[in-house]
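Enquirer: Chain residues, written in single-letter form:
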Amino acid sequence: MNLSVDLSVPLEKFVLRAAFELRGKTTSLDCIAGLRRPQAGHILLDGDVLFDRDAAIDLPVAERRVGYVFQDPSLFPHLSAYRNVAYPLKARGVRDRARVEDLLERFGLAGYRNRLPEELSGGEQQRLAVARALAAGPRLLLLDEPFGALDAAARPIVRGEVLKVLEEQGIPSILVTHSFEEALGFGPDVVVMEQGSVVQWGPAAELLTQPTSPFAAALAGVNHWVGRVEPGAVEPDHYRVRVGAVAIVVVADQEPVGQVALALAPDEIHLAADPPLDSRPNRFRLVVESLAPEGAAMRVRLGGPLNLTALCPTTVALDEGFAVGGDVTASFEPAAVRLC
Amino acid sequence: MNNRAFRWTLGSLGLLYGSFLLLPLAALAWRASPQILWSELMRPETWSAVAMSLTSATIATLVTVAGGLPMAYILATSEGRWTRLATTILELPLVLPPAVAGLGLILAFGRYQLLGPLLSRLGIEHVALTRTAVVMAQMLVSAPLFFRAARTAFGMVPERYLRASAVLGAREATTFRLVVLPLARGGLVGGALLCWARALGELGATLMFAGNLPGVTRTMPTAIYIKAQSDITTAVTLSLLLLLLSVAALLAARQVAGEAAS
Amino acid sequence: MNERNRHPRTAWWVGAAALGLCLAACQPLPQPVPPVGQPVPPPPATPAKVELLVFAAASLGDVLPKVAAAYEKQHPDVHVVLNLAGTQQLRAQVESGVAVDVFISANPIHSEKLHDKGLLEAPQMFVRNRLILAVSTRSGRVKSFTDLAAQGRGAGREDPARHRHAGREDLVRKIRANIVSYEENVQQAASKVQLGEADAGFLYLTDAAFKTDLKVIELPRPMHVEAFYTKARSAHSGHAAEAAEFLAFLARRPAVLYLDEAGFYPMGGP
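Going line by line, the protein sequences match chains A, B and C.
The first sequence lines up with residues 318 to 657 when you count with the working numbering.
The second sequence lines up with residues 597 to 858 when you count with the working numbering.
The third sequence lines up with residues 470 to 739 when you count with the working numbering.
Honestly, the hints are just simulated from the structure, not real lab data.
The structure presented is a predicted model; accordingly, all values stated were derived computationally and were not measured.
It cannot be assumed that every hint is accurate.
[As the list claims (entries may be wrong)] Ranges between beta-carbon positions, derived for each pair: (1) B:Leu658 x C:Gln593: 54 to 60 Å; (2) B:Leu619 x C:Gly566: 43 to 49 Å; (3) C:Gly609 x B:Val691: 35 to 41 Å; (4) A:Arg414 x B:Leu658: 35 to 41 Å; (5) A:Ala427 x B:Arg600: 50 to 56 Å; (6) B:Leu618 x C:Gln543: 19 to 25 Å; (7) B:Leu847 x A:Gly410: 34 to 40 Å.
[Said to hold, decoys possible] Simulated coverage check for chain B against chain C, where a stretch passes if three residues somewhere in it have a Cβ under 8 Å from a Cβ of chain C: (8) 716–725; (9) 779–787; (10) 803–809; (11) 819–825.
Cβ coordinates follow ideal geometry from the N, Cα and C atoms, glycine included.
Work out the full structure, taking the sequences as your base and the hints as a guide.
Expert: Here you go:
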């Protein structure tokens with residue numbers, strides 16, 4: 318496959334937010350760790366050349382000091398929890414009991430030091446895997462969906478614990494995940510990869526407000542439309558954008574021209590069963606296509622003249638009697654729509 | 597067929613098959629004479645054959661493990677046409693009749709054969725018809741059993757542990773020592789025991805390449821084979837002795853291996 | 470299907486299998502076949518032929534097929550089936566009741582024993598053979614009998630000390646010290662000498678005949694060991710006339726010529 322990644326990452330905590338192209342992100346991490354050899358380009362870490370095709374430099378895996386936690390914890394099954402953490406030290410002929418004990422302590426595993434991995438729960442195993450990776454003293458930590466195999470209830474807890482230690486230790490980390498909330502909770506920067514290429518990279522909030530592609534928007538769960546601006550303001554600073562069969566009114570300081578992309582957060586949309594259409598802008602009569610509970614809210618997908626996803630309080634959804642196939646009126650403020 | 601009937605059928609067939617395997621052994625025990633067993637036990641010749649068998653099989657196994665382990669690891673961790681070819685060639689002695697193996701050894705190491713002149717220049721006049729030849733014959737025939745078991749054992753170590761070890765800063769040699777060997781241990785010990793048992797029972801290649809001289813190159817199987825042509829009862833008794841010794845040694849080895857595992 | 474219906478069927482199954490195994494075990498041994506490596510006689514052209522079963526010592530394995538072929542040429546109605554093996558093995562087969570018409574032994578003891586048991590008619594003297602020292606022309610280290618006492622590696626089938634050799638005990642002891650292998654059979658001993666792995670080997674003259682890379686050295690008088698071959702008709706032969714004719718044929722041309730060519734010599738003297 319053809320993968321081109323161009324990341325120059327400042328060494329502070331950031332998140333690599335993977336697209337659905339699974340091979341793309343794993344390949345990226347493998348190349349950084351040295352488990353795979355890129356066909357071209359170079360990889361620099363903290364000023365050190367890890368790989369440079371043109372200069373024929375390919376630092377062996379063992380010398381890169383890049384920590385890597387796989388989706389599968391891959392703990393050595395014949396070694397106790399203590400020996401697993403001590404492994405990277407032993408491999409270099411170092412004995413540092415205090416360091417191993419400290420890491421076990423930090424990850425809440427001090428009581429399990431003599432247990433074999435198979436005697437630990439999934440969350441404990443994954444914590445142990447991170448502890449082991451940190452014992453090697455990595456300059457950079459790669460986390461490839463480390464919480465993916467955990468059940469939904471344990472995931473946020475384990476994630477929180479790991480995150481806390483990583484912050485304490487101040488180790489730059491790259492997390493690959495399919496979950497947007499996981500990415501948001503992890504660090505300030507998000508990279509979106511699509512089909513093996515980086516399509517968006519920046520602060521997480523930017524992804525929410527200004528997705529650069531339908532793909533990025535879909536990842537963030539943001540409504541994203543492309544439309545054409547109808548010349549002339551409807552009222553001061555208000556312009557009309559034609560999206561398919563409907564027109565959406567947006568607010569802008571200057572008159573936008575030609576084709577524009579619109580983004581709208583799902584919680585900015587108001588849903589009601591009854592109110593009929595009136596002359597106010599951005600009110601559409603749509604059909605409920607699906608309903609999915611999400612915490613205390615309900616994610617409602619609507620179709621009709623406009624496709625959109627809204628997030629409304631569950632109580633509202635129940636009171637109003639939303640049902641798949643039923644009609645609802647969706648409305649939102651022109652100021653909530655972002656031009657990007 | 598319901599579950600009980602199924603299990604009964606399989607159980608009965610298993611019993612039948614088991615009796616087929618055990619019958620020759622039972623017949624040996626039946627035909628052996630306690631008097632002859634006693635008088636054979638008193639003969640130094642018997643003990644020299646026993647000692648020769650045990651030591652040569654053990655040396656053959658140790659050399660096989662030392663030499664076969666690296667090769668099995670290399671072949672288990674490489675891929676491609678040449679790997680498959682090499683593996684097939686190394687396991688070929690499994691299907692080779694022992695007499696052919698013996699002939700091959702003579703043609704390779706004989707005094708006037710392929711390596712003879714070279715060995716002679718190194719000061720080694722004779723290989724055939726010596727104790728070394730006994731070990732070599734046993735090795736050629738039994739090594740594939742260990743090699744095969746080792747290759748399988750190495751191949752069964754999941755690759756993710758090797759990757760994990762590498763990113764934790766371990767070089768391949770360290771990974772081999774700390775991860776691969778411990779995880780493959782069961783298969784390796786089993787293969788070594790199998791190899792040892794096969795070496796202990798080796799006859800054809802030994803007769804061909806090492807000959808038969810009481811007190812020097814005579815092993816238990818040779819002694820039994822030669823005796824069987826003139827004195828069946830003694831041969832039977834020696835067979836029983838060999839059988840008991842092998843079982844005892846195998847049990848002991850398993851015990852040792854089992855203790856090391858826990 | 471219910472259980473009560475099932476069980477008898479299972480039992481039947483197992484019973485049949487057990488019976489099969491038992492039948493296989495109880496079946497009489499098939500007719501003796503020549504051991505691997507021995508020439509297999511051609512199958513009879515017509516089933517009406519008389520099959521003459523000849524058991525013979527393995528050392529006759531090179532010459533007897535030629536004799537049998539010659540016999541069949543003169544007696545088109547007879548098909549000679551040869552069973553070549555160690556005399557002891559053949560004797561055990563006859564004792565266990567395997568049918569035989571003619572028995573040729575490499576050691577008079579075995580045929581005498583079978584005669585005593587009433588299984589064979591009185592054995593007649595057949596041919597002789599003698600122990601010699603075959604020396605390897607490849608190694609060339611042993612050129613005479615006394616050389617082997619001083620150096621070199623010998624091979625043989627049996628211990629030379631087993632035979633009488635009055636007055637030469639010291640020599641025999643020295644030779645024994647240089648023996649590196651007691652081979653399982655003479656052919657093996659011969660091949661070890663031919664290959665040069667052994668410098669010399671104690672063989673019978675007929676085993677050394679026509680072999681390359683070795684030279685025959687006669688043993689000194691006191692150590693002379695001769696083998697006597699006997700021939701006998703089975704006491705229960707179904708083809709007594711043909712068996713008698715075959716025994717007589719063995720003493721006529723061309724049988725004697727073949728035997729002479731192979732190194733066997735008649736009872737009268739070399």
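Enquirer: So, for every hint listed, does it hold in this structure?
Expert: Hints, verified against the model:
no.	hint	result
1	B:Leu658 x C:Gln593: 54 to 60 Å	holds, 58 Å
2	B:Leu619 x C:Gly566: 43 to 49 Å	violated, 23 Å
3	C:Gly609 x B:Val691: 35 to 41 Å	holds, 38 Å
4	A:Arg414 x B:Leu658: 35 to 41 Å	holds, 37 Å
5	A:Ala427 x B:Arg600: 50 to 56 Å	holds, 51 Å
6	B:Leu618 x C:Gln543: 19 to 25 Å	violated, 54 Å
7	B:Leu847 x A:Gly410: 34 to 40 Å	holds, 39 Å
8	716–725	holds (count 3)
9	779–787	violated (count 0)
10	803–809	holds (count 6)
11	819–825	holds (count 3)
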